[in-house]
Every structure is written in structure tokens, then in C-alpha cells.
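Residue numbers (full-length UniProt numbering), protein chains in the order written: chain C, 1 to 408; chain V, 1 to 186.
By construction, these hints were calculated from the structure, which means they are not laboratory data.
Be aware that one or more of the hints could be misleading.
Among the chain V residues that face chain C by a calculated CB cut under 8 Å, a handful are [as the list claims (entries may be wrong)]:
#1 Lys-32
#2 Leu-33
#3 His-119
#4 Asn-130
#5 Phe-161
#6 Tyr-167
#7 Leu-172
#8 Leu-179
Just so you know, these numbers come straight off a predicted model, no measurement behind them.
Beta carbons are placed, not taken as given, at the ideal position from N, Cα and C, and that holds for glycine.
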Amino acid sequence: MLAMGSEEWELYPSCIGSQVIEYRPISEDSDDDWNGDVAVSLDAVLPDDLLEKVLSFLPVASIIRSGSVCKRWHEIVHAQRQTWSKMVPQKPWYFMFTCSEEAVSGFAYDPSLRKWYGFDFPCIEKSNWSTSSSGGLVCLMDSENRRRIMVCNPITKDWKRLLDAPGGKTADFYSALAFSVDRNSHQYTVAVARSNQDPSEYYQWEFTIHLYESITGSWVTPFTGVLLGWRGGDECVICDGVLYYLVYSTGVPVNNNEHCHCLVMYNLVARPNHTSLMSMAIPVPCALTCGRLMNLNERLVLVGGIGKQDRPGIIKGIGIWELHNKEWCEVARMPHKFFQGFGEFDDVFASCGADDLIYIQSYGSPALLTFEINQKLWKWSAKSPVSKRFPLQLFTGFSFEPRLDIAS
Amino acid sequence: MEVDKGKGEAEETRKVAEADRDTVTLKSSDGKLFEVSKEAAARLSTVLAGMIAGGSIDDNGTDLKQIGSEALENVVDYCNKHANSIPSAALISSSISFNTAPFKEPEEWERKFVDRLSHDALFDLVEAANFLGMERLLDVTCHKISEMMKGKSPDQIREVFNIKNDYTKEELEEIRQELAWAFYDD
């Protein structure tokens, strides 16, 4: 299987040479300063629980590799014991693949070791499926049958298909998927927000929230309402018990200052039957394209392309904002050199994130940029082994946390 | 009555004196004595905290038969360094258990502390920390061992840690096929 060591890919992307951030790839064979006495076998000294503790400090890929040291280690690595939940937080990986009608195959990027792995992602059949990740699991929704929803752990390849979701039979509406794992109980919640146009009223959209709880194994529909002059889309996220959802104006903006996206919120704990979502809506900070919501350690973050004043469809940059007391605070703007680094920026890009890491990828190129929100650090990934074979080839991807301790 | 009262007072004074002592004496399996800050010992080791609270600390040296003198010296050294390295304000919140807190990267002095140890000394210290219920020291020492594994191939790990490969060729091949992505460069 194809995979690339970071050593071979020092400069990336090659087209922008001088703008690349320098980094030192993690060497695979650096010698440690241990003192050379190998008489005592680690294996004889450490009981299982301590060996688990030692391994739990390693990046996931190294833990899995250590399973081939000896049989006892293999058992410990694959036992899915509770200790793995004490595993140090793992930086989210990014799974990148080509948008095509063919089966989805791609590469996963591991930012801890700066490596790409040829990776068979479980469940996913088409590149246009909706995905949402949280706490080591990925939830997927079939793009053709949006009742069909699956949950998988991409690292252990464990997966299951959930009971069919309500609604979702007709094809001419929007369905958004959000997913949240409780880190302590390992129980999860799936939210599907569907937005359907009223056949008789052009401006009227029916909006429904369906929720699945792994603890009950069933779906409920806590909210159904009508959006007037607004429609839903396919972007939502669960953050700190609240479902955040982007809605789009169906009217023609009167002037350029009018925001055509808004953020609406629905409290998944209180679950009110009746609430006016639009009265509490928060306009996005500026005219945006490709707006994406993400949960970074229970902070709600929005990434979007900033439109040009006169032509909002053309983006002049990419901004990152965080929601603070119902107001957007700008966290960062992508520096021009990185923005240019994507080459021909397609105006359409994918972004996603978890923990403190955001990934941004232009649909038109396999370049992958990371942003660490705490350190405000922009950095290219190691060069992706995905290559562009023809001009109109498009790429996409999503992030997930690599964890061993959680099952679907 | 008078005598009893006097005796009681003397007992009381002795107890106070004992409680006032700010160190405890620990005795290794090979009979060596070590003094350690009582506050640090109680804060860093659940086992020593229990012994101090339960009054089972022996002034002439509390026997720790499971721990050799080299490891005990390192334990005591760690406790004393720890006592010196944190500002007094942190002592107030010392009841916070390292058990439940998420792992914090070793501090500079902790790194230096474990870096100077030989393999044997490091393994012995892991065992001692485990025995004494010293969660933080256990984290720091296990973290050090994990760092020695980082970036190494399974072959190199076996070599560094003197571990016997008990797989047959076929078994190993099977594992690698199953998780081919993780074995990209072996």
C-alpha cells in the first residue's frame, strides 16, 4: 500500500517553493540518548496496565505498529480496554480523496508524524456523502438515501448502520448532519436537520430536527418549524449541547451589506418544541462562501471565504471566527502567501477541524493547509500523495480523531 | 491523677513534636535511610499519604521492602525537587489528584530528572512509583519510556527494550496485512 514518509516531501507545495514554512520532519530512526544497558527486558518488568500507560502516550499509528512487537503487546493494543481512554489527546487526521463516481479511496494525513497513509475508510461509498466527526467516530449519511446513516471508527474499522432516520425520502431538499460523542460515557448523538420547500409557498421552508441517541438506539423529532424567507443547508454542528445550523436567505439581498447567511441555534438539552429560531439568529460576520462550522474543544468556530465587495461570489481571502457570547470574534485570516499557495484557488474549498486544529483544502488541488488555533500557526501538511491527473479533477476530505478506545 | 496528667502532657508534647517534623524517614529494602519532605510525600504519593495520616510512619525509618535504595533515592529526590519547584500557592490546591487530571507534558526539570536515568533505574523507578501510588511520577517515567519508542520500528523497539519476538513469520505477515497502512515503511 502506498504511503509517504515526510522525508521525501520536504517542500510543499512545490509550486510555491519559497513560501513554504520550514519544518523538521520527524525522523524515523533518530537515536535516543538512552544509556545503552539492554540487559533488563521491558516486557519482563512492566505489568499490562503500565505497558498500556506507556503506549498511551504514543501517536495512534505508533501504538498500532507496536502491536507487532510481540503477542502480549498485540493483545494490549487490540484489547480496547478502558486505559486507552486515557490516551493523550490525538491530533485529528485528515482523510483526503478524489470527488468522483468511483469508490472512495484516499489517503489519511497524520499531523503528529507528518505522514500520509494509504487508507481504506470503512463504510463510505460515494465521495458526496455527508460526514461529521467527533471523539474518534465518524458519522456518515448516504447522499442518495438520506435515511441511511452509519457510524464508524476509521482506525479500528468498527462500524454499524443505525436505524433508518425519519424523513429524507424526497431528493429536492437539504439535509445536514451533525454528530457528537460524549468523551466520558462514549455515548453519541446524531442530529439530522432537514429543510424542505413548501410546494405551494416559494419562500416557505419546513425545517425539522431529528435526533438519534446511541443510549436509546432510536430517533426522535423534537422540533418542526417553518422558515420564512430562509432555507436550511447542509452545514450544522453540535457544540456544547447546542445544535448550530447555517441558514441561507432565499430573498434577493437588497444591498451588499445584507448578510445572506445566518446561524441558528437549537438547544439539544432543553429541546423546546416551539421556539422561533430566526428571532435568535446570528448573522455571519460578512458575506461568506463555503461557510463551515466546527467544534474545537467545545468552542464554535466558523471558517469561510470572504467575498469581494462587488462580487461576493469571488473570494479574496479566508477568515476564521469564533462565537463568543453570541458575537463573532475574528480569530485569524489566512495570510496572502498561503492563500496564493493553493495555486488557482477554486473559490470552493473544504474546511473542518477538531481539537485545536483546522484543515483547509481547495477543491481544485490536493494541497492541505493546517491552522493551529491556540498558537495561531499556519502550516502546510507534508506533501499529499494524492495527485491531480486532469484539470477538472476535484478533491475533498474531512477530519477525524484517531482513537482506539471507542466503538460504534 | 497528677502523674497521669503529666504523662498525658508528655505524650501530647511528643506527638506534637512528631507532627511538627516536616520530614519523614523511609527505609529501602537494603536498609538505607532517606529523608523526604512530609508535605511532598503526602501530596505526591497516595500510599505515603495514607501512612502519614494513619500514623504508621516510623521515626527510625519506615520500611519499604519492595523498593531498592537506588529507586528510593530517586523517589525521594523527585519528591524534594517537586517540593522546591512549585510555588507555595500551588500547595493549597494540592489535593487535586493527578489521577483525574488530563496528562500534562513533563516540565523541564522532570524531563532532566528522567533523562539522566539508565534503563534499569528508569524501570525500577516506574515500579516504585506504581507501588507508592505516585501518579505523576508514574506518568513522567512512562512518558519517558514512550519517548524512547517514538519513531522506532517494531524491530528497533525489540532491540532497545530487549523483547523477544514470539511471532512466527506467517503471524507477523498477517498482522501487517491487516493494518497495512500503519506498516508503510518496515
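Hints, one by one, checked against the model:
Checking Lys-32 (chain V) against chain C: minimum C-beta separation of about 21 Å lies over 8 Å; hint violated. Annotation: Leu-33 (chain V) was flagged as interfacial toward chain C, and the flag is violated, the nearest CB pair being 26 Å apart, outside 8 Å. The closest approach between the C-beta of His-119 (chain V) and any C-beta of chain C is roughly 5 Å, which is under the 8 Å cut-off, so the hint is satisfied. Checking Asn-130 (chain V) against chain C: minimum C-beta separation of about 6 Å stays under 8 Å; hint holds.
Hint status for Phe-161 (chain V): holds, given a least beta-carbon distance of 4 Å to chain C, under 8 Å. About 7 Å separates the beta-carbon of Tyr-167 (chain V) from the nearest beta-carbon of chain C, less than 8 Å, and the hint is met. Interface hint at Leu-172 (chain V): satisfied, since its Cβ lies 6 Å from the closest Cβ of chain C, which is below the 8 Å cut-off. Taking 8 Å as the C-beta contact cut-off toward chain C, the hint placing Leu-179 (chain V) at the interface holds, the least distance being around 6 Å.
In terms of the numbered hints stated before, the structure departs from hints 1 and 2, listed from lowest to highest.
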